[in-house]
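J.: The hints should help you fit chains B, C and D with the ligands onto chain A, whose structure is shown.
Here is what each chain is made of, one letter per residue.
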Amino acid sequence: MTAAARSPHPRRARPERGEQWAETSRCRVVAARRFGAFTALELLAPEIAAVAWPGQFVMVKVPGSGFLLRRPFSVFTARGDRLGLLIEARGPGSERLADAQVGEALDLAGPLGAGFPLEGVRTALLVGGGIGCAPLQMLTDALAGRGVPVMAAFGFRDGRQARVAAAFDIERLWVATEDGSVGRPGMVSDLLAALDAPPSATVFCCGPAAMIAAVQRWAAGAGLRGYASLEAHMACGVGACHGCVVATKRGALRVCSEGPVFALDEVVIP
Amino acid sequence: MTAAARSPHPRRARPERGEQWAETSRCRVVAARRFGAFTALELLAPEIAAVAWPGQFVMVKVPGSGFLLRRPFSVFTARGDRLGLLIEARGPGSERLADAQVGEALDLAGPLGAGFPLEGVRTALLVGGGIGCAPLQMLTDALAGRGVPVMAAFGFRDGRQARVAAAFDIERLWVATEDGSVGRPGMVSDLLAALDAPPSATVFCCGPAAMIAAVQRWAAGAGLRGYASLEAHMACGVGACHGCVVATKRGALRVCSEGPVFALDEVVIP
Amino acid sequence: MNPAAVDLRVRLGRLELEHPLVDASGTFDLVETARRSRGDYVAAFPYAAYVPKTVTLDAREGGPPPRVTETPCGMINAIGLENPGVAAFLEGLSTIVGLRRPVIVSVGGNATQEYADVVRRVETALGEGARRFPDVAGYELNVSCPNVPGGLAIGVDPQLTAEVTRAARAATGRLLLVKLTPNVTDVRPVARAAVEAGADGLSLVNTFRAMVLDRSSLRPFLGNSTGGLSGPAIKPIALRMVAEVAEALPGVPLVGMGGIMTGVDALEFIACGATAVAVGMANFTGLEAPRRILDGLRAECAARGFARVTDARGVALARGA
Amino acid sequence: MNPAAVDLRVRLGRLELEHPLVDASGTFDLVETARRSRGDYVAAFPYAAYVPKTVTLDAREGGPPPRVTETPCGMINAIGLENPGVAAFLEGLSTIVGLRRPVIVSVGGNATQEYADVVRRVETALGEGARRFPDVAGYELNVSCPNVPGGLAIGVDPQLTAEVTRAARAATGRLLLVKLTPNVTDVRPVARAAVEAGADGLSLVNTFRAMVLDRSSLRPFLGNSTGGLSGPAIKPIALRMVAEVAEALPGVPLVGMGGIMTGVDALEFIACGATAVAVGMANFTGLEAPRRILDGLRAECAARGFARVTDARGVALARGA
Ligand SMILES: Cc1cc2nc3c(=O)[nH]c(=O)nc-3n(C[C@H](O)[C@H](O)[C@H](O)COP(=O)(O)OP(=O)(O)OC[C@H]3O[C@@H](n4cnc5c(N)ncnc54)[C@H](O)[C@@H]3O)c2cc1C
Ligand SMILES: Cc1cc2nc3c(=O)[nH]c(=O)nc-3n(C[C@H](O)[C@H](O)[C@H](O)COP(=O)(O)OP(=O)(O)OC[C@H]3O[C@@H](n4cnc5c(N)ncnc54)[C@H](O)[C@@H]3O)c2cc1C
Ligand SMILES: Cc1cc2nc3c(=O)[nH]c(=O)nc-3n(C[C@H](O)[C@H](O)[C@H](O)COP(=O)(O)O)c2cc1C
Ligand SMILES: Cc1cc2nc3c(=O)[nH]c(=O)nc-3n(C[C@H](O)[C@H](O)[C@H](O)COP(=O)(O)O)c2cc1C
Ligand code: FES
Ligand code: FES
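Those protein sequences? They're chains A, B, C and D, same order as listed.
The first sequence lines up with residues 0 to 269 when you count with numbering that gives the first Met the number 0.
The second sequence lines up with residues 0 to 269 when you count with numbering that gives the first Met the number 0.
The third sequence lines up with residues 0 to 320 when you count with numbering that gives the first Met the number 0.
The fourth sequence lines up with residues 0 to 320 when you count with numbering that gives the first Met the number 0.
Accuracy of the hints is not assured; some may be wrong.
[To be verified] Cβ-Cβ distance ranges computed for the label pairs, FRET-style:
no.	chain 1	residue 1	chain 2	residue 2	range
1	A	265	C	112	31 to 39 Å
2	D	222	B	102	39 to 47 Å
3	B	145	D	87	31 to 39 Å
4	C	301	D	90	42 to 50 Å
5	C	214	D	317	13 to 21 Å
6	D	222	B	224	27 to 35 Å
7	A	207	C	94	36 to 44 Å
[Claimed, not checked] Derived, one-sided and incomplete: chain A residues facing chain C with beta-carbon distance under 10 Å:
no.	residue
8	18
9	58
10	64
11	66
12	99
13	101
14	105
15	233
Since the hints were derived computationally from the structure, they do not count as laboratory data.
We treat Cβ as the ideally placed atom computed from N, Cα and C, and that holds for glycine.
Isolated chain A (complex conformation):
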């Protein structure tokens, strides 16, 4: 019996920045679509989808005996009873998950982490690098629901990565590729200067450390506030082991419970 089956809970409104639930549930894969280097999985996960907050993540058990620690994945979408994940195969575990078959059940724990704060956001500039774009669709959906205008800039290594743009439903989306095959040639940070973001915009960014550092510098120069979602290797995912800390101006903080979203200006990129 899954924990979810043991303790059914009523649908509730999403609390600000999301609640964090460590309970696990088995969720069936109902769709799997390849977008170049990425795979979008759609799971039947009513309990998680009902309460997930943009920027939160789930800890996924990789099927098979070769994997012990769960792998963290951002909530890509949460629509009705469906939870979307966007997966890049970067190692054996994510490879196995990117190969998940329709009908297969995956064991998820979550939603976990403190998501993006949405209170008081008037215009949003979303910045994603590579697989870092994953949490930005659910963020777009939530902002749209609040009537907040959204602009997004995604940077990819090459055209194969950039194909994931087709998985997104964001009206004003600009793309840059390092190899110049799609969109503007160069880094996503090159795009930023070209977009004339209003001074009231809030920046939401997720991607490689170097990109976050660049966005941080640019936002500081432009006088924009914002948030960054960070990655760290995790063990527990629930704040227990202190395995996932990153450096911030407030000291070492846990990505899984005090993040993954931090104020952009408090992040310290080593």
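T.: Positioned in the frame of chain A, the structure of chains B, C and D with the ligands alone reads:
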């Protein structure tokens, strides 16, 4: 490229007691049939099937990252380019192999081990206990080819196990089950007394230690010579590690290279 | 035999436990879990006793990230004893005052005297208002903190271990366990020294010093370069050490650990002489792990005809424990 | 970079090796393999040097069965140094006289003097007819044989290790390696003692003392009760020890081993300071394992831009090796 592909070799006649080959080859599963507790796999394995000798075994790599050591399985049948294995799920590795799907390729090393000596056999009495019956079909085939009459006595725990008798093609086959559900109630050793084996018969037995000890006592009493095929936990399967020794009157011998077949009267059951 | 009928109670020194499972220090944070979980997680706490993360006198920052990653059938960690210090620890503890299970406080320190200082601070707090806290039943001294020149731990040295134990013993009348490091040539002299210095029991094993490289840079992956290996990979070594100590010190209660993921694993440690067993890495596979292991242990006892889990204790040893 | 262009040659003390891979003692028997394989297996021998199973002065029966089984990401063995003694060993060796690679004879013994006796026997045979044998380039002293009271090994004691090494050193001018046991608090003092006593290089690690239970009886599974753990499970501990010795004894050639299954694994040991690496358990996954690991090593060097495998040596260390 598999080792087999690297070094194609001509079909040769089977040398007495078999050659031992450590080379590996990838063999496609062409049929999988359940017989109660056992699964009969048929593999396309022309090179192994061509040279296998009755009583030899193969070391099978269990697919998946959770298994490192190969698992030993007797040659059940070797007919044309097909190699048959008979598998009882006794742990995670054999369970996975019993679940092998048609079309899947398994990595086999072999044939290995010293098989049953057939020179000078005039009548054969085959005794199998549980999964120990596995090597006896190929033995029957080889004896039939030499015109040697065969009688077989198989003992099983229960009716579910006994269903494997349907996988065999042995004319004079008697079955005993401990729970009495099929054939004669009791142990296979109880069957032996009832069969009037001619004094010229050679006994070939394979099964649990207790059964081999019983057959040993009975054969000694009846003045029959014979052979026993033994099991041992293995690492290399090719005589290199000395991991698989069993006690014999000639000292500790390696099941993988000096066995698995030993003279019945030299086996020492602890 | 009916699994429900198996008597799982054990006696760890003076402590009665409802069943043999406790959490391994540093792998389960009840204060955090209670904060983030639905339902009354404090009341539903699955372990027979709560062993929090090791606490030191003052707050510690811990090691630089990254601090954890998976290894073949295991994991490595270099948390570096990050903890908020004993004062903040006691604050946190008071938020789970409703816990119906005993707490065994894991104590760390650099100087041998620091251990006793932490114990005294806890005793003082309890003396001033025990009702603000759950039942603190005892202490586990984590002697794996590096101290000896060359980065070795107090726990590699029988004399230092005895010193730490004696000082802590003088500071408390409660249950006193010493948690042994496996990074030694022979674990028995250290075990004996701890018991002779007043330990009521021993926990073993802590993690194995190990190293993982970043596959692309080939530089040490962990921020701290080396870390501690745990999980199923180390289980065969941990079992050997538990059996060795059980044979060398019969009658001394042991808390066995190292790679326990299933009920059979737990039973194996008990067969090697452990009275209780601790679950570490398995906590990271999901919150349901302790229940799954406990149910498994009960079923495995039943399947083998052990009416009491204590009937299994020491059956793997040359002579019973 | 083209993998074929990578220069894999290494120099292990006075010995030139075509590439860094050798077999780990006890896990590959070329005499047996040649006997049972098609083609000229002696000529096609995949390793850069052949390390046979440890040989002792007289024949040894080894331990009672069962002797091996799989563990989580590893295996345990208790072969108990079964071997036919040095005389029969030399007979076997003469059957692979056509070997085009050097042989490093692994030597064991109970008494410290026994090691030197075996070395002398080999030297005598070579002196009487070197052309009957392949090129015996040196020795590896396996000091993990239990000797010290309590079942510990010579190799846990720096002084005993030095004694064994000194005696063997006096008996041969060939390459002399000492193979260290990992079952120690600190491997560096033993390493240092071996080098100071005349070892040209060090091999590490041997297996970890461990125990596996039979899941149904809960009794020790191995006939010998305890055995040695090897395979990927131990790799993180082995890497740490190799790095430690490389940092403590810069310039001393090391043969690293413990869980090498792939080219990256091999490269990791080299990055931790090993000159050569030995493949143990992987030999049991199939005869093609050495070729697969060697091809992987070549490809991994190329992918990282190492034109020579020696360029990777020590890159994981605080300072190069
Ligand atoms: C909060 C968060 C959200 C994430 N969201 C996504 C997402 O939406 N889509 C996506 O494809 N990836 C995401 N990642 C990265 C993803 O978790 C890793 O790619 C994955 O864990 C790699 O596992 P592996 O077995 O393939 O790789 P391996 O390198 O073999 O993994 C070994 C260990 O390292 C950990 N690990 C390896 N790389 C990372 C990494 N970059 N971050 C964290 N842990 C890592 C693994 O979890 C595992 O414990 C996210 C990471 C975090 C922390
Ligand atoms: C020469 C020989 C021929 C065999 N022929 C057959 C056959 O035709 N059909 C069949 O179903 N089984 C056969 N067996 C037994 C079969 O090898 C084991 O059932 C199988 O290895 C169990 O693996 P596991 O992963 O399921 O079990 P686990 O117990 O999880 O295995 C753990 C380790 O122990 C070894 N092991 C466990 N049980 C045995 C055993 N009984 N014998 C040898 N090694 C064992 C495994 O190979 C593995 O290394 C044979 C064994 C030998 C030695
Ligand atoms: C992330 C992590 C943190 C740990 N922190 C502590 C600690 O603070 N104090 C301690 O005594 N042991 C600590 N340990 C060791 C465990 O308590 C336990 O001894 C070890 O992990 C072996 O058990 P396992 O294999 O079940 O994980 C820690 C282990 C891990 C994995
Ligand atoms: C079956 C087996 C037999 C071994 N026999 C010996 C031996 O005779 N002498 C020796 O020095 N090491 C012996 N070893 C240890 C290996 O040489 C090696 O040090 C160890 O297995 C670690 O390498 P691995 O993890 O790659 O297996 C043996 C190991 C195994 C698995
Ligand atoms: S992963 Fe354990 S605290 Fe974040
Ligand atoms: S399994 Fe290695 S010698 Fe038989």
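J.: Starting from the hint list further up, note which numbers the structure goes against and sort them upward.
T.: Checked against the structure, the hints that fail are numbers 4, 12, 13 and 14, while the rest are satisfied.
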